Structure formats: structure tokens, C-alpha cells
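The numbers in my numbering rise by one with no breaks, and the one at position 7 of the sequence shown is 776.
FYI, nobody ran anything at the bench for these hints, they're computed from the structure. Relax, there's no trap hidden among the hints.
Derived Cβ-Cβ restraints for the label pairs, each shown as a range:
| hint | residue 1 | residue 2 | range |
| --- | --- | --- | --- |
| 1 | E788 | R811 | 16 to 26 angstroms |
| 2 | G831 | A799 | 17 to 27 angstroms |
| 3 | G805 | R783 | 28 to 38 angstroms |
| 4 | A802 | R782 | 30 to 40 angstroms |
| 5 | L792 | E828 | 17 to 27 angstroms |
None of the values given here were measured: they were computed from a predicted structure. Quick reminder that beta carbons are idealized off the backbone N, C-alpha and C, glycines included.
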Amino acid sequence: MHAGRSDRRTGPRRLSEAEVVELVLPDVPAVLAAEGNEQITRTQLRGIMRARGIPLGNEHIGPVLTALRAATASTTSSEGATRR
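Please model the entire structure based on the sequences and the hints provided.
Encoded structure:
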């Protein structure tokens, strides 16, 4: 036992899922357009995160994908409704 020592690791704190979504979301439409997908894939998300240097554990990828897909679905459906 070490009095006064914390079990916490030192270094940068891990981003929350919401923070990752906020950081990655601006890149998603370009990736979807370039690759012709309607929804972002796990591989595409990993590529964006790698390019931006964003670490995220596998256990958090699912919720981030769900949030990004919901955000891009609402954006693309609203864009489609305004086009003529």
C-alpha cells in the first residue's frame, strides 16, 4: 500500500463518446460522399479517428457509430427535402 498514491493513470484523459461524435461528425459527409455509402461504417470511423489522432476503445465504437448514423440520417433526409 502506498499512502497518497492514486490508481489513476497519468496522461491525456479519454474523450467521452459525445466528444468523439462532435469531433468526427464534420468529416463524415465527405467520407460518405467519397465512398458512396449512406451510413458510416466502423472501418470509415476508425479511419477518421486515426487521421485525427483520436483514441477510442472498441467498447465505445458502437455507441459512437449509432450517434453518427442518427446525426447524418437526419442531415441527409433534411437536405433531400429541401432540394428541388
